[in-house]
Amino acid sequence: MGSYRMDVLVCGGTGCQASNSIDVIETMSKEIKAAGLEKEINLVTTGCFGFCEQGPIVKIQPDNVFYVKVTPESAAVIVKEHFVKGRVVKELLYEEPKTRKKLEEQSDMPFYKKQERIALRNCGLIDPENINEYIAVDGYQALGKALSEMTPEQVIDEVKRSGLRGRGGGGFPTGTKWELTRMSKADRRFIICNADEGDPGAFMDRSILEGDPHSVLEAMAIAGYAIGADSGYIYIRAEYPLAINRLKIAVKQAYDMGLLGKNILGTDFSFDIHLKYGAGAFVCGEETALINSIEGGRGEPTVKPPFPAEVGLWKMPTNINNVETFANVCPILLRGADWFASIGTEKSKGTKVFALAGKVNNVGLVEVPMGTTLREIIFDLGGGIKNNRKFKAVQTGGPSGGCITEENLNIPIDYDSLTEIGSMMGSGGMIVMDEDDCMVNIAKFYLEFTVDEACGRCTACRVGNKRLHEILTKITEGKGTEEDLERLKDLSQIIKDSSLCGLGQTAPNPVLSTMKYFWHEYLAHVNDKYCPAGVCKALLKYHIIPEKCKGCTLCTKVCPKGIISGKLKEAHVINKEECIACGACEQVCKFGAITRM
Amino acid sequence: MSKIHLTINGLPVEADKGMTIVDAAKIVNITIPTLCHLNIHDIKMVNRTASCRVCLVEVKGRRNLAPACATEVVEGMEVRTDTLRAVKARRTMVELLLSDHPTDCLVCERNQNCQLQKIAAELGIRKIKYEGVRSNHTKDSTSDALYRNPDKCIKCRRCETMCNEVQTVGIYSAVQKGFETIVSPAFGLPMVDTQCVYCGQCTQVCPTAALTEVSHIAKVWEVLADEDLHVVVQTAPSIRVTLGEKYDMPPGEDVTGKMVAALRRLGFDKVFDTNFGADVTIVEEANEFIERLKNGGRMPILTSCCPSWVKFIEHQFPNLIDIPSSCKSPHMILGVLSKTYYAEKYNIDPKKIIMVSIMPCIAKKYEVTREELTNNGLRNVDHVITTRELIGMLSEAGIDFKNLPDEEFDNPLGISTGAADIFGTTGGVIEAALRTAYEWMTDRELENVDFHSVRGMDGLKEASVDINGMEVKIGVAHGLGNARELLKAIEKGQAHYHAIEIMACPGGCIDGGGQPYHMGDIELVKARAAGLYKIDKGKTLRKSHTNPDVIKLYKEYLGEIGGHRAHELLHTHFKVREKI
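First to last, the protein sequences are chains A and B. Mapping of the first sequence onto my numbering: position 596 corresponds to residue 596, and the numbering continues sequentially without gaps. Mapping of the second sequence onto my numbering: position 225 corresponds to residue 822, and the numbering continues sequentially without gaps.
To be clear, the hints were calculated from the coordinates, so they are not data collected in a lab. Treat the hints loosely; a few may be bogus.
[As the list claims (entries may be wrong)] Under the rule of at most 30 Å between Cα atoms (straight-line distance), these lysine-lysine pairs were calculated in the DSBU-like manner:
(1) B/Lys1123 <-> A/Lys276
(2) A/Lys529 <-> A/Lys386
(3) A/Lys496 <-> B/Lys657
[Stated by the list, open to error] Partial list, computed: chain B residues near chain A (C-beta under 10 Å):
(4) Glu777
(5) Gly995
(6) Lys999
[As the list claims (entries may be wrong)] Quick list of the computed label-pair ranges, beta carbon to beta carbon:
(7) B/Glu728 <-> A/Ala538: 37 to 45 Å
(8) B/Val704 <-> A/Glu483: 30 to 38 Å
(9) B/Asn733 <-> A/Glu95: 36 to 44 Å
(10) A/Met183 <-> B/Ser770: 30 to 38 Å
Predicted, not measured: the structure shown is a model, and the values here were computed from it. Cβ coordinates follow ideal geometry from the N, Cα and C atoms, glycine included.
Let the sequences and hints guide you as you build the complete structure.
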């Protein structure tokens, strides 16, 4: 990164861009010029830092100062104060909520303290649009090592020994997958990078591609060498324009430098990478559906076996790995399988990136060693629940996963422990829910997503999940019966057993896990026609607490139905029969006298 | 072949490698229900979508249930079809399908002939546990031939496999997502605006009434009741060997006599035979072939009896549009002759003549609406009903078909040769043409009229015949996928034939889109073909040009073969159509 006095790293990830980081960069660039510092200050647009909650992020090196929530106005202040006068702008530092202490360094922040960044190692550190910056952090060394010092079998063996498992959700051992593909007899083989990230709230893969695209390209070439493939496809959803753009730049730069294409690094090995855009169908994350989509067919799964490792793209053996899986490959080759295997739990090695979202203070992207507990992630890194509400559950594995409650928060998370408690690792989405969330409604929300995203091929999923959703809707509308609960359970089990692909097989998981842990909420909806969290509108009724009501009459003025009665300065009453539960009265009451029941 | 050993419900099974669980189970007399699955090996129709899930079974060591239709047996496999888990899942799949299916079985086209209905009955479904919203899609009645009711579709995708992989017409694909998924032409185009050729093979494989022919039964009842009209009927070659199936007669049994009797009892004024038209077709086509050969015309000549195939070439191969014979199809020829020759001979006002064709085919319904197929302002043929529709009319009329006496066709359009009978099966038209062309070109009698090399179910067949020292090369394709291959080779100049026969339906008209449903049983289709060859063999007259009534027709009415009048009445032209 050269002969500059200072590197200024500004986050250019999608999250920070949404909080206006592009303007921050422009202002800063202008101000640096105005101050005549353009030869001293190197302004770099990086990928995601992960701490999206506090974006836009600006990091100053070598001073190691981490500014948060930077606006174009405050960017100008940073230039004048920090760059010109050498004074840290205290107001822009992160404030630790508990101690209210201003923290200068990233590593002191609870959000980063327990993180260990392997897949995200370069995100927020380098300019993803400049291959030289990637090379400066040991980029393409792993490929060089593989091609010059290792046989394909040795590469596979190294990955196998590292214990790396598929980060897209299934957790299949990556090295074994490579080996199976290599062993399939064929004229050609293919590598596919699955970048069709589609879980609601998940953005691990997007951030890696935006922040460190070369790490994926390099790993794909290594995989190509290992299994004997001469080309690879990156299947990426068209809704990721920034990632696509950076990938395009990266691919071109890699070709220009001879790191992709014919005779890479002067060896016999040639490898091409093509980008293929998906139309954003969730089901295309399923391997066979993804292959159909690349081939120009309808994005729908086909029967396995045969697996893609035997019969894949264009009927040739194909190895498909997810973005994050690839992002782990180069460090394994450079630092060795033993190093990687020393991180994590017995059966799940390395780290995992999670997209932390929902009712948690620090929304963002975190990478932690396997075996970290959910409690650490939510309460230490995540800074606990928003607005001091009470934690209720966390959904892992997106719409295919399940919810996890307080009692299991201390379980060290890995692929197997999550499956054991009825959820799954999935691709790493983690949505935190608090006491204001209705679990029946949550199950309905996830199911609505899968019903909508299903390909419609098999009966179990196409009709079955639709029926599950209908039963859930009936329950949230207060029309459910205990028999419906039985049907819900039965049908969920049958769909899991009967669906053609993973999407259908896992779609009932949110229903089954919420039924397991929040049975009482289901019963309340069905028997008492009551939604304990006060979410399901049809079951909501408002009530005025006479002791708290001052008789100010404000509520009577906003009630659209005109059904609140009472004299001035006397307690008012809501006609519950007529109430449509719009909540207008609750919002205007200054005395907290109106409650849901 | 290496053997695989497994157990099904505890019973040891020795199966061939590559076999599915469904097939292996049959060895030990266990029938696993199937619905989407269809494997018609002979015509390369393999639907392996595993989408309906009604064949689920338990396989030891497998986390979820396995679709028996798409799971190959492996050594040591332990399968159970009889566990509560499997039984319940299979049942639920059928219940789920029924929960999104109209419940109008009593008035449904496929009542008692529906594979969904059958499986529901076999599994003893009495109640649908999971009721919910039902699909309500636009029904497509835009074409004259094919009716689409997506509400009855169970997404088995057989039609897609048939249309895209076997026929290569490519009309259908699944569109939309999830519960809204339907199988539809691209962009939801109405059928009439697509390049659908109305072969109706999709209706043959559709397990329900999602795809059916457009029924013209009501129109036929109406004209029959009108005393002012002179309603005549004609019957295609192939239907005389398929009609008996409904009445428990052996497949391929010739029921010509009963069929004629039945039609008379339905009230048709005259019962003519499309076979007569077939003999005329051969005479005209053989003549055209010899003319082209003599005058260095474009080769090969292609037969043009099949309206699906004609529409296929119009859409798909505009460069080859001038090579099919310009001859009309046999029933159109018979149609025009009934309104000219017959009308004049018997002094009947042609405007009062209504010609009804009983066809194995759905495309014939479309063919009769083609504008150029009219003479003197009258359509050559007025209405077309399929074999299936005729069966419907006969049962409505209460006709005891099986016990009817045999009756003869009416004159002057009722006599035919064996060459006409074999028009109903693949290879038959070209064989018939060869019999005539050979004799005309050599002036010698053809002693062995059987050309075995053009018979049978192979998709592409070839023959070469020595005629006057010249090697005449013949090609035969049935099924449009095979036809496409053949035409591509011709277009590229890789294949050199003198004459080619193409039939759109695999096996020819005996497996036409309007024939009784064969439910995937290809042996039935083969028996039908054998039936036609048997009729041919049993006739004294087996060459079209020896048909005395055809000779009389030219002598009395048409004049020269291929002459002016013949051209005016018996020939047509084709047009290039859009490729959508």
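Here is how each hint holds up against the structure:
At most 30 Å may separate the alpha-carbon atoms for a hinted pair to count; B/Lys1123 and A/Lys276 exceed this at roughly 47 Å. Restraint check for A/Lys529 and A/Lys386: the C-alpha separation of about 29 Å stays at or below 30 Å, so the hint holds. Using a Cα cut-off of 30 Å, the hinted pair A/Lys496 and B/Lys657 holds, with the two alpha carbons roughly 17 Å apart. Residue-level restraint check for B/Glu777 holds (minimum Cβ-Cβ distance to chain A is 7 Å; threshold 10 Å).
Checking B/Gly995 against chain A by beta carbon gives a least distance of about 40 Å; that is not within 10 Å, so the hint is violated. Because the beta carbon of B/Lys999 sits about 40 Å from the nearest beta carbon in chain A, more than 10 Å, this interface hint is broken. The hinted window of 37 to 45 Å between B/Glu728 and A/Ala538 is violated, with their beta carbons roughly 20 Å apart. Taking the beta carbon of each, B/Val704 and A/Glu483 are about 32 Å apart, inside 30 to 38 Å as hinted.
In this structure the supplied range 36 to 44 Å is violated for B/Asn733 paired with A/Glu95, their Cβ-Cβ distance being about 57 Å. The supplied range of 30 to 38 Å is met by A/Met183 and B/Ser770, whose beta-carbon atoms lie about 35 Å from each other.
Hint compliance for this structure: hints 1, 5, 6, 7 and 9 are not met, and every other hint is.
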